[in-house]
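Note that the protein sequences, when read in sequence, are chains F and A. The first sequence begins at 1 in the numbering used here and counts up by one. The second sequence begins at 1 in the numbering used here and counts up by one.
Take these hints with a grain of salt, some might be off.
Straight-line Cα separation of at most 25 Å, SDA-like style, residue types lysine to any residue; simulated pairs [as the list claims (entries may be wrong)]: (1) K3/F to D70/A; (2) K114/F to P14/F; (3) K3/F to K76/A; (4) K3/F to S86/A; (5) K109/F to R63/F; (6) K42/F to D70/A; (7) K76/A to A193/A; (8) K3/F to D28/F; (9) K84/A to G125/A; (10) K3/F to G25/F; (11) K84/A to M1/F; (12) K156/A to L122/A; (13) K84/A to V53/F; (14) K3/F to Q62/A; (15) K42/F to V53/F; (16) K114/F to I66/F; (17) K42/F to E29/A; (18) K2/F to D28/F; (19) K2/F to K156/A; (20) K2/F to A193/A; (21) K3/F to E46/F; (22) K3/F to D20/A; (23) K2/F to G25/F; (24) K69/F to A33/A; (25) K2/F to Q61/A; (26) K76/A to E54/F; (27) K2/F to R25/A; (28) K3/F to D119/A; (29) K109/F to H12/F; (30) K2/F to D70/A; (31) K3/F to A37/A; (32) K69/F to P45/F.
These aren't lab readings, by the way, just hints derived from the structure by calculation. Keep in mind the model is a prediction, meaning the values are calculated, not measured.
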Amino acid sequence: MKKPFEQIVVDHGPTVLRVCRAVLGPVDAEDAWSETFLAALKAYPELDPEANVEAWLVTIGHRKAIDVKRAEARRAVPVEKVHLDEMPESSATRDQHDGWDGDLWDAMKRLPPKQRQTVAYHHLAGFPHKEVAEIVGGTESAARRAAADGIATLRRTYLSTSADNPETSR
Amino acid sequence: MNAVTEPNARDLFAALPAIDVEAQRRLHERLVAAAEAEGVLDIAYRTIDTPVGVLLLAATQQGLVRVAFDSEQHDKVLESLAAKVSPRILRAPARLDQAAREIEEYFAGTRQMFDVAMDLRLATGFRLGVLAHLSEIAYGHTESYAEVATATGRPKAVRAVGSACANNPLPVVVPCHRVVRSDGSFGGYVGGADAKRALLTLEAAAA
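Could you put the whole structure together from the sequences, leaning on the hints where they help?
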């Protein structure tokens, strides 16, 4: 039996938002979330009742994120005159988006997209590497390696600066 | 991935709130607006507080499709709507503004007829005929199950009238509470005997 879609939003909305924020940053995350859930609402009646709803949502979100980035790239071409310091990732813009730690996104955005995605899908959304591979394409071992490489970089660029080792500080 | 890295990996996203209530509220509103604009919100719902408890109101694009008492368990009612009508269901109060206002006026004693558009797709055949007749029973008046059976052309179908009332998808708005036993006792009610008494008492006082 299929749950009312409202229940899907309540159950999975927060995780999908965290994934969108980790992969896209604070500015684009809400657009991607909105497009993901609108597309999911439309397709929901046809979804296999046995399907893993969260994996389905993240798969839609993954494609929407690619669309968002492509649209951005298209828009970016004619506006070369815009100064770099007016681009959306300035700290002033970021602070309007709920103030979650900008350092995390600063570190995430330096990762190649595939590493960023595999880190978020595996370590944040909790999907096994096999499912991550199905979402991003490629083999399971490639997904595993991308996530490991991403984590290794983040440990140097973000975790080493943000906090003491959580195991020793507890 | 070995055991040493896992605590760090979990810690990595600690800065991202697990649940950002304000963002979820904003995004939910945006989803409802986009779904309405694209015509893909098949059922909108909300709840309202009334003297007979919290009522669930649900509407399709055609009109009010379901009113449910607390005792019917709103979660189960929504699941049933998902199965029978469509699972494209969101909490979206705006579509229910008129219905909610009219029901509030009804309980305040200032409204005797409902004007809100109705979608009676959950009732068919004989039951639909019974509901059509119920809306003709005037505010503050009652009819017996037998009288309703006669009025709908099947005088022997007294029990079927009872079951049509018990399965009324729009209680309060379609006044199945105005159908009582021939001996004058209230008879059963989908919202419970106390709710039926409250509605009939309200109407007797305001009529």
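Checklist line | Given pair status - G125/A, K84/A, alpha carbons within 25 Å | finding: holds, 16 Å
Item checked: Pair hint outcome, K109/F versus R63/F [Cα-Cα no greater than 25 Å] -> holds, 18 Å
Notebook entry, point to check: Holds or violated: K84/A with V53/F, Cα cutoff 25 Å?
Noted result: Since the Cα atoms of K84/A and V53/F sit roughly 21 Å apart, the hinted pair holds (cutoff 25 Å).
Check: Within 25 Å, alpha carbon to alpha carbon, are K3/F and A37/A?
Finding: Since the Cα atoms of K3/F and A37/A sit roughly 23 Å apart, the hinted pair holds (cutoff 25 Å).
Note to self: Would the hint linking K2/F and Q61/A be met if the CA-CA limit is 25 Å?
What the structure shows: Roughly 21 Å separates the two Cα atoms, so the pair holds.
Margin query: Next pair to validate is K109/F with H12/F; report whether the Cα-Cα distance is within 25 Å.
Written below: Between K109/F and H12/F the Cα gap is close to 24 Å, so the pair holds against 25 Å.
Notebook entry, point to check: Keeping to a limit of 25 Å between CA atoms, is the pair of K3/F and D20/A held or broken?
Noted result: Holds - the C-alpha atoms of D20/A and K3/F are around 23 Å apart, at most 25 Å.
Notebook entry, point to check: Going straight from one Cα to the other, do K42/F and V53/F come out at no more than 25 Å?
Noted result: Distance of about 14 Å is within 25 Å: holds.
Next item on the list: Sort out whether Q62/A lies within 25 Å of K3/F, counting only the CA atoms.
Entry: At roughly 22 Å apart (the allowed maximum being 25 Å), Q62/A and K3/F satisfy the hint.
Note to self: Just to be careful, I want the Cα atoms of K84/A and M1/F compared with a cutoff of 25 Å; is the pair within it?
What the structure shows: Holds. K84/A to M1/F sits at ~11 Å (cutoff 25 Å).
Check: K3/F and D119/A: Cα distance at most 25 Å?
Finding: Holds, at about 22 Å.
Notebook entry, point to check: Are K3/F and S86/A close enough, with their CA atoms no more than 25 Å apart?
Noted result: Holds, because 10 Å separates the two Cα atoms, which is no more than 25 Å.
Figure legend: structure checked against the earlier numbered hints; hints not met, in rising order: 6, 8, 10, 18, 19, 20, 23, 32.
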